[in-house]
Structure formats: structure tokens, C-alpha cells
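Asker: So the chains spell out like this:
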Amino acid sequence: MQRIDENVLVSTNQNGEPVGFLWRDSNYKVRARPIRWYARRDWWLEAMRVQRGVGASVLEVEVWRMLASKRDEPEVANKNQFEIVHSKDGAAGEKHIWRLLRVYD
Amino acid sequence: MNGFTHLHVASAFSGHYGVTRPETMAEAVAATGSSALAITDRDGLYGSVKHIGACLKLGISPIVGVDLAILDESGAVLARSAILAQGHNGGKGWSKLCEIVSTAHASRGRSGQIRKEAQIGIKRSELSRLLAVDGGCTILLGPDSDVGRAVLTGPKQLATSLLGAWREMFQYPATLGVEIVSHLTEPGTAYSTEQANRMLHLADSLSIPTVLTNAVRYLEPDDALTADVLDAARHLEALGLFTPQPNAQAWLKPAISMQALAIEICGEASRALQLLDSTERLADRCRLDPVADCAWGKPKTPEKSALGIEGNPFEVLWQKAHAGIDYYYRGANAALISQVHHRLGQELITINKLGFATYFLTVADVAQMIRDMKIRSQARGSGAGSLTNYLLGISGVDPIEHDLLFERFLSTERSTLPDIDIDVESARRHDIYRAIFKRYGSSRVTLLSMQSTYRGRGAMRDSGLALGLEDDEIDDIAKNMWRFSARSFRGALGTKPELAALASAVEEDRRMNLLVDITERLDRLPRHISMHPCGVILGDSTLLQRTSVEPSGLGLPMSQFDKDDMDPMGLLKLDVLGVRMQSAMAYAVREIARVRGQNLDLDNIARDDPETFKTIRTTNTLGIFQIESPGQRELTGKHQPTQFNDLTIQISLFRPGPMKCNMIAPYLDGRHGFAKADFIHEDLVSILKETWGVVIFHEHVLRILNVMTGCTLAKADEMRRSLENPRVAPQVKQFFHEKTQERGYSKAVIDRVWGILEGFGSFGFCKAHGAAFALPTYQSAWLKTHYPTEFLAGLFTHDPGMYPKRLLMAEARRLGVKVLPLDVNKSTNEYLVEKEGIRLALTEVQGVSEAEISRIIAEQPFKDIADFYLRVKPTRRTLERLALLGAFDSFGGKRRSDEAGDDPEITRGDILARVRQLNAIKTRPASEANQPTLDFQVLERLPTGNAEPTLSEKVSTELSLMKMDVSEHVIELYRPMLEEMGVVNANELVGLRNKSEVLIAGVRVATQTPPMRSGKRVVFISLDDGTGCSDSTFFDEAQARCSHILFNNRLLLISGKTRRTGVRGVSLMAENAWDLREMWEQWVKARPQFLERAAG
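Taken in order, these protein sequences are the chains called A and B.
Numbering follows this note's numbering, with no gaps: position 41 of the first sequence is 41.
Position in the second sequence (from 1) plus 105 gives the number in this note's numbering.
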């Protein structure tokens, strides 16, 4: 397992599921249906404000786990498992931030 | 697909688990068109009545259950499950649910001691037994169970056999279901979709029905932050030190999200539809019919047999009340007797119409029982307006003499059970509870519970704990939180000068910023359940099938419902309120009998004693019920009461409402003849002459409406209540205007009267309540006037007032009543009256245990210190403290001729030296027969040459060990500085000219920030300097200078101008304040000769 923690560009389908992403100048294609869950953040260590109505994004993040490989390689080639965290920013949550956290061999 | 019914929902009444109030959740669900909602509070039915009430109001079906631990035979937790009551079965499900909850709590404390650490839960075998014969409840086995854990980690056969065991034990139809929950956590962990999917397949393989829930803890995702903080409060640990909730998914998701979740869990649409369908089927089975299932709103009073009456209860009530006339109106003239008969007849007709005869007989029965126990008691509240209550001995105030109205208490316009509150001696309250349980049987009686809620300081403290702040940090902030709602904590930071330090910390310290935010979040949430201070529920023999109970600290069962739940559930609540003043007065009466051999009947003393009113008018009202506060003292000075009714008026005037509406000034002006009373119309003269035209009482409003519109008093009271409700108030206005016009009142009169009634709103006071309060006020003033020593002994022993005891000590000095030092041969656990004064009680010495005090009392008298040491077996600390405080001084005195030593007098220093010798002995003698001889034979020979402590040393010791200055007032330590500075004594203020610039000093004895008309905050500080109490007022500007000092220091020096407020009233408009000890330190630095007097 490798810890990465870098921003990536992600493309999604109409259900919001990632189908591919760009990382270190390589294009990756998601090869199986990704799995989503929600993990928590220790807001008391990092948040500046937690006033009523601040929203659950202070506390939780969406995490996607997916099997993917470089787009230009054949599908049977060595696939890795990627964990990408999705959060939203901006006043209306319009800005999507995707952050690649871990890669499993 | 239609709506979705949530079957597993914790409300905020779930002991630091749920976040949202039940009413809020029911409203949210009703707004989305769902037709039912469940409440399943943790460990109890705490929020269920509020939930049912809200559902009824919103037109949706209530479902009620509990979230409870189910235990194996060894007491280990097998599962935490929702258990739901099935409905529409004549109450079978509801009563079984009550029984399950009560059983789960019972093991924690059968014998009176609650084992706090003990697991609340029900054994599976016991639960199985309860549901085996006829079912009634459904258990939902979810992720948090042995089965749920096994599907994640164990081999497949294990999960199957575990679930098989459950199926085996719950064979009755519909008693067991599997709960499918996904909080979308990481795959392979609890509450993940993976776990839910496996549970589903497992249940299918064993043909056990499945239901989908979201195991809800809060209304919206944002509330998850609050849930984190509540988790910390529940664990009593800071965030980060325990495993927190996995994410923010436990919210009340809308139907569409739950449907999507079903598909995600099942992986296919048809199974998902089945899951949603079986969820709704169980929901339907559990919809409650509140009336048929929970006996909603049906009054329940003890059966006739339990009250010991035969025949028609109304006839019994009739006879009992009429029998009272001969006793209470002995020697009354014929006109009064006929008035009594007429009024009683009318009251009884109303009572009969409402069917409340049994209720009155019940209360009368309890009142009689209390009297038979020789305990002082008195009805309070609107009940004092009832002649029936007076004649039954429930109330001690004659409603005819005091012009009180029955209609304010009870009328056919309302049908809820009236409240009758009984004040009793606080020290005997628990005896009364036990007697009530004994008399009516434990199947008909429970105590009432109370849900306390988070307020400013409490919210901040638990928030600080969650963030891991240090205790000192939390204490410092708490000290400066005064009179603002925690909900507006952030707003207060900018406006309250004493929060300035915190405000700047917030800018720099991220944690302080978070502290403010989460404090605001916690505000108003339920905090914990406790025993209501005075409520007892009396019902019929089905009571325990209507309410769940848990053990209380008293060892008596306590209902999980609170006072607001009583009326909806038709339960009769009796308030038996412990009033320390009643104990203090009872004690004084007892001491008068013991010492003087005089037997007083306090309830039969004349209520027009001029000496008593003279005492009150001096404003030395310390220790007198209701009128000892600084504000009441000031009002007493202006008001100068001369008769009983004046006390009723004064107590009623000193309320936020009358103060806000500026009713006090016109009343005082009228009374003192500064202004002519304005009665608006001659018809109102007879009603308002007692208050010089000012409307103060509810009874005034009733009579005005009655006279001007011609309506009945009952209808008038209904209208008075409507005035408080902005929706119906316009109808009252219309009625009033129409009727008064018809009856020929001029427009000017109508408008003016309406203006008063409208502004009166909810602010007024019930005169019956005021009169009931005035009685102990008068009685305590009478005792203070005629038996000051015994009365003070009562105050010392039962401590009823708002002030620290050391202020009573100053009052005793002022009255010339001597407080005698501790003496191991004379002091007990009470303040006994002796020839020379009042003997200090042993209970004042900090750190002396109750057991030690009992041994001292049992072993008295002692012939010397060794005798005491051997028989009482005190701890070293106790022995030393008693010596330091002079409790062995009586063994001193002149040295015997055979004793060694040059000093003829034995000093306290000598005694202390002896005590330290004894404390140095490593082990105590095993028994009296086997004592080591040497050391104890020389006991009589006390050491010699040790100095007697100085007066200021004695005072310091007293303050640190008893929190009281007995030998002299603590301010005397600072006397040289105060004299040099020209500080004025409190008792000299009254002789000064208005607006004199003065300095005063003393111990802060009261701090109040009452609501003011302007909305601005004003701080009142009372200082005691041994000559009396002075009251200072701090407005905004002065607060800005010194509010950090005001709230943080005990000894203060205040500068300001005198302000005359009445004949005997003077207060200080404060300009600044200083910490007296800090000034003293600076002062003595320049004058080393005073150093040794510096003290604490």
C-alpha cells in the first residue's frame, strides 16, 4: 500500500460514480463498479468553526474505492486498487475536490 | 412507492444519544406526507408521551418502542435492540413495553442504592418469558447484536446458529424481526452495506421477517456534530479518546433515500420492494391508538377501596367539607356562615360536574396523613382560592377573608385535573413519600421524574470536556457567564464586558472558537433525568401498566415521564414540595417547647401583630421568608407594610411582570398619598381599592371582566387565559368591547381598561398564590420578632435562605444573640438553644463524617480528650480540626494543682499539642480492656507553654474549616485599612444625605442580575460588613470598569453615591469596585507592622 495524498482530476457518470481519472499525467480507467462509503474526519483537530448549520462536510467525507489501470494499457494488465476522497467546496458546494489517498497493489 | 416509516429513532430524550426533540422529528415527518413515525429512546420511554402528543396533533400514527440492551445469563450484552409495542390490542403491547423497560432497570437498584455502573438491560430469557404467551412487542435484531457481529467476522455457520437461537426463544408470531441497516460505512465494518446484505440473506435463509431502518440519531446530517459532542458527554471523555460514530449518516432520511438504500443493500429491485413492504407491515402492526392502548387522557385516581371510603365519593366529599365548617368557622356570625354555605355549595357543584370528587378526597387524605405525622404543611398556588380545600384542611388560608376566587383554580370551562401543591418541611419530605407509598401501595404510586436541560454554564462545561479543555480553563469561563442564553453565546462575547478576555481568546485560539459553537449547539437539549424535587404520581392499580419506572436515589420507583406528560396521560400528580423554611419554623417551635416549655400553634397565631410588622418595616428582614432578598428589602423600605394583605401584595409585586410593566411606582404613590389613586370607573373602586387602582392579581382581572361584561367568573378566567394566546386574544377583545358598550361604558373607559388587561397578559400573579406565600412570611417574621434565638437556631439548622450562613452569624451578632463555640460535650448535629445563646453544630466542620457525628452524639458526655479519642475513634483530621476550632476548650480552664506546668491556664495551644501527641500514635488501642497503659495514664496532664491563638488566627481557622466567621466578623481583619480610608459601615448609610460619595466594604453575599424593563443588564451586589447589608447597583458603565472583579471576588471594596429609595431605604449607585484583599496586600506592604494580620 502506498500513501499518496494528491489532487486528481476525476470524470464521473450520471450517477456521480467515477469512471476515470488523471493522475501524474496518466489517464486511468475504472475497470469495475466502484464502491462508495462515508468516512469521518476528526473535526476537533482541524475545523475552524462548527456552528449550527455548518453542514456535515466538516465531519464526513465520501470515499471511493476502485479498480483501475492506465487507459492505454489492455484491460487484463496489472490493475491497482485506488482510494479517492471526494469533498465539495465553495459557497454552494459547487467545487468538487478529489484527492487520491492510497493505492493498493 | 409511497412513504417510508422510520421504526428506529432515538430522540433527544435518549441520555446523550439522540439529538432532536420528538416534536421536531414528528413535524418533519408529517411535512413529507408520511403517515407514521416511531420513537425508540435509549433505555426508556422518556420522550414517548411528547411523541404521541405531537403525532396526534399532526394527524400521524405514533409508534413507540425502546432501544434496549438484551443480556445473556451472565449479564453480558448480546444485543442492543429496538423493541416496539404493537398497537390496537387494548393496551397489551403498551403495558408489555412498560414492563420490559421497568424490568430492565429494576436490577440496578432494588434496595435503594442505585448501582450507576450496572448495565441497564433485560435478560433474553426473561424477555422470552414475557413475550412467549401472547406476544405484544416486536424485537428488531440489528447490526449491534451477536448475529450482526458474526456476519462480519465469524464463520457463516456461527451467524446461522446464533440467529437460530433467537428464533428458538421468540416463537410467538411477530415477536422477532431482523433489522437491516446501512450507514454506508467502510465495507467490512459495522453498519456497512456489506453487513446489511449478509444480514438480509441470513434472515431469508431462516425465514425471519426483515425490516429496513436507519437507526436514526438526528434529524439532519448537520446534527451529527452535536451527536459527537453528546457522545463525549456520555463517555465522559474528550473527543479523540473514544471511538466516535463512523460518519454522519444516522439522520432521518426521506423516503426516496431509504428506497435507494434498500436497492443498494439488496442489490436487486424486487427484494428491495419486499423489504420496504415488510417494513410498512410491521409499522402498521405497531401503530398505536393512544386512547385504547395508552389510556391517553383518561383520569386515573386511586380506587375508593384504596382511599378507605364507601359509597358515592361525592357524598363523602360533601359531608367532609361541611364537617369542616364547624371547625374553621367556629363562632362566626350568621351572615358569614350563610356566605360559607353558599360558596361551598357552588364549589361542590363544579367539582361534581367535573367528576373530581375522588381527586379532592385523595388530596385531603394525603393532607390528613401529613398532619397525622405531625409535619408542618401548607397548600400553595391557586388551590388556596378554594373554600373546599380550606375546609378539608388542605390549605391554611381562608379564601373568604382574603377575597380569593375558586374560579381561578377550577371551573367547568376547563377539564384538566387542577394542581394542588403542598409545601412541607423539607427535612421530612422523604418520610412523607414513603408514607404515601405505604398507604396506597407501590402499584398505585411512583415518583415523578424531571428532564433537566442544558443551559449556559452546563452546556459550556460539557463542550469544554468534549474539546479536552483543562478544568481550570472551564471554571474561569464559567465564572463569567451571567444571564444570557447559551444559544446566543457568540453574540454575548461582543457585548458583555466580563467576557472580553474570552472574546479575544476566541480570535486567537481555534479551540475557543469551537467551544462557542458547540456550546450554542448543546443549549436547551435534555441533559439528564433526575427525580423531580416534589412530584408524586398517584394512580389506580393499573399505574405500572401505563408508565415505565426506574429506581430513584430514594429507593422508590420513579416514572420515566415528566410533569408535562402528566396531563396528556391523565395521571394525577401531587406536588409535595420540601420547603426549608417550614423545617426551620418547625425546629424553632420545637426548641421553644424544649427550652421554655411553651407549646405554640404557629398556624393559629393572630395575623395582625403590630410588633411583627414593626420588625418587617425596619427592613432587617434577613431570614424572613420571601422578603429577605436585596430587592425585597429595598421594596420593604419603600412599602412599609402594616397588615397581612400588604405582604400578599408585596410578594406579588416583586415579580418580573409587575416590575417590567411599571406597576410598583403607581401603587406606592397611591399608598403613600403622593398621587391620587385612579380607578378609571366607579365600578372598579371596590375591586381595586386594596391596590390603589393598580391591577396586580389575576383575581382583579376576573372581577373586572365579570363586572364590566356581566360574564361569569368561570368564563372570565377562561378569557384571562386566552389573553396570553395571540390567536384567540382578538376574540376576547371583541367580546369585551361589545359587552361593555351594551352595558353603557364610555369609549374612553373601555379603551383604557382594555389597554390594561391587554398589557397585563401573563404577567400578573394569582392572589391565592401570593396569600399562600404570605403566610410563612408572616409566621417567620413573627418568630423572628418574638423568639429570635430559637428562630435563628432554626435558620442555622435548616439553612432556608438565599444567603450564606455566615451572614446569619452577622445577623445574630446584630440582634445580640450569642453564637456559642463548638463543644464536643454540647454540640450536636443541630443548633441547640442554650441559656446563653445558640450552640454551633458539629455539621459545620468540613470533613467530619456523619458517622463520626453520630458517634459523638451517642457517646456524649466526655470527661477529657483521651476519653473522646477512645470512644469516638475520630480520624486524625477530625480530631485536629475539632481542637483547632476550640471544641475541646471546655477541658481546659484552670490547671489542677497536681498538674505540672507554670501557666495556671490551659490554652487552646496546649490542647492542640495534646491532640497532636495522640494523632502521632501509630495504632489505636485494640479494645478498652487491652489498652497500652503508659500513654493514656498521663492523659490528664496536658502539655504546657503553648500560646492561645489570636483572635484573627481563630477567625482564619473558622473561615477555612467552617466557611463561617464566628469569633468576629472577617472584615475586622482589614479594619485598620478601612478606617484609614474612611470606609462607611452599612448601618450608617441610612443616616447619610442623598448622593453622598462613599466607600463601602464587605463580603459579597448576593449577586443578582434580574430582568429589567429596558432590557439592559443591571448587576445588584449585596455586601455584608457585620453591621448589616448594603446593596449596590452597577449599570453598564460601572460594569465595564469592574465586572471581572464583581463576579470573581468575595471580598469587595465599592465606591459610589448613595441613593435614597424610601423611608428606610438607601442603596448605592456604584462607580467602581476593587478586590479588597489585593488592596490590603498593597496597603500592608507600606506598613509591615500589620503583616501578621493578613488573613484569608
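A hint or two may mislead.
[Unchecked claim] Covered, in the sense of this in silico footprint (three residues per stretch, anywhere, with C-beta under 8 Å from a C-beta of chain A), are these stretches of chain B:
no. : stretch
1   : 281-291
2   : 526-539
3   : 759-768
4   : 790-799
[Stated by the list, open to error] In the DSBU-like style, the derived pairs of lysine-lysine whose C-alpha atoms are separated by at most 35 Å in a straight line are:
no. : chain 1 : residue 1 : chain 2 : residue 2
5   : A       : Lys-29    : B       : Lys-358
6   : B       : Lys-358   : A       : Lys-88
7   : B       : Lys-1190  : B       : Lys-1059
8   : B       : Lys-1059  : B       : Lys-1121
9   : B       : Lys-852   : B       : Lys-910
10  : B       : Lys-405   : B       : Lys-358
11  : B       : Lys-743   : B       : Lys-668
12  : A       : Lys-79    : B       : Lys-844
13  : B       : Lys-197   : B       : Lys-162
14  : A       : Lys-95    : B       : Lys-1190
15  : A       : Lys-29    : A       : Lys-95
[Claimed, not checked] Quick list of the computed label-pair ranges, beta carbon to beta carbon:
no. : chain 1 : residue 1 : chain 2 : residue 2 : range
16  : A       : Gln-81    : B       : Ala-583   : 38 to 44 Å
17  : B       : Ala-343   : A       : Arg-49    : 55 to 61 Å
18  : A       : Glu-6     : B       : Glu-178   : 35 to 41 Å
19  : A       : Asn-15    : B       : Asp-382   : 22 to 28 Å
20  : B       : Leu-346   : A       : Leu-9     : 34 to 40 Å
21  : B       : Asp-774   : A       : Arg-49    : 48 to 54 Å
22  : B       : Leu-346   : A       : Glu-6     : 47 to 53 Å
23  : B       : Gly-546   : A       : Arg-49    : 27 to 33 Å
Just so you know, these hints were derived from the structure itself, not from any lab.
Glycine included, every Cβ here is placed at the ideal spot set by N, Cα and C.
Asker: So does Gln-81 of chain A sit 38 to 44 Å from Ala-583 of chain B, Cβ to Cβ?
Answerer: For Ala-583 of chain B against Gln-81 of chain A, whose Cβ atoms are near 50 Å apart, the range 38 to 44 Å is violated.
Asker: For the pair supplied as a hint, Lys-1190 of chain B and Lys-1059 of chain B, confirm whether the alpha-carbon distance does not exceed 35 Å.
Answerer: Roughly 23 Å separates the two Cα atoms, so the pair holds.
Asker: For the pair supplied as a hint, Lys-197 of chain B and Lys-162 of chain B, is the alpha-carbon distance within the 35 Å limit?
Answerer: Distance ~24 Å between Lys-197 of chain B and Lys-162 of chain B Cα, so the pair holds.
Asker: Decide if the proposed pair is consistent with the structure: Lys-405 of chain B and Lys-358 of chain B, CA atoms, cutoff 35 Å inclusive.
Answerer: Status violated; Cα separation ~39 Å.
Asker: For the pair we were handed, Lys-95 of chain A and Lys-1190 of chain B, check the Cα-Cα distance against 35 Å.
Answerer: violated (66 Å)
Asker: Tell me if the beta carbons of Glu-6 of chain A and Glu-178 of chain B are separated by a distance inside 35 to 41 Å.
Answerer: violated (55 Å)
Asker: CB of Leu-346 of chain B to CB of Leu-9 of chain A, is that within 34 to 40 Å?
Answerer: Given a distance of about 38 Å, which is inside 34 to 40 Å, the answer is holds.
Asker: Regarding the pair Lys-743 of chain B and Lys-668 of chain B, is the alpha-carbon distance no greater than 35 Å?
Answerer: Violated, because 39 Å separates the two Cα atoms, which is more than 35 Å.
Asker: Going straight from one Cα to the other, do Lys-358 of chain B and Lys-88 of chain A come out at no more than 35 Å?
Answerer: holds (21 Å)
Asker: Verify the coverage statement for the stretch 790-799 of chain B against chain A, using a C-beta to C-beta distance below 8 Å and requiring 3 or more qualifying residues.
Answerer: violated (count 0)
Asker: Verify the CB-CB distance for Gly-546 of chain B and Arg-49 of chain A against the hinted window 27 to 33 Å.
Answerer: At roughly 56 Å between Cβ atoms, Arg-49 of chain A and Gly-546 of chain B fall outside 27 to 33 Å, so the hint is violated.
Asker: Keeping to a limit of 35 Å between CA atoms, is the pair of Lys-29 of chain A and Lys-95 of chain A held or broken?
Answerer: holds (22 Å)
Hint check: violations occur at hints 2, 3, 4, 8, 9, 10, 11, 12, 14, 16, 17, 18, 22 and 23; the rest are consistent with the structure.
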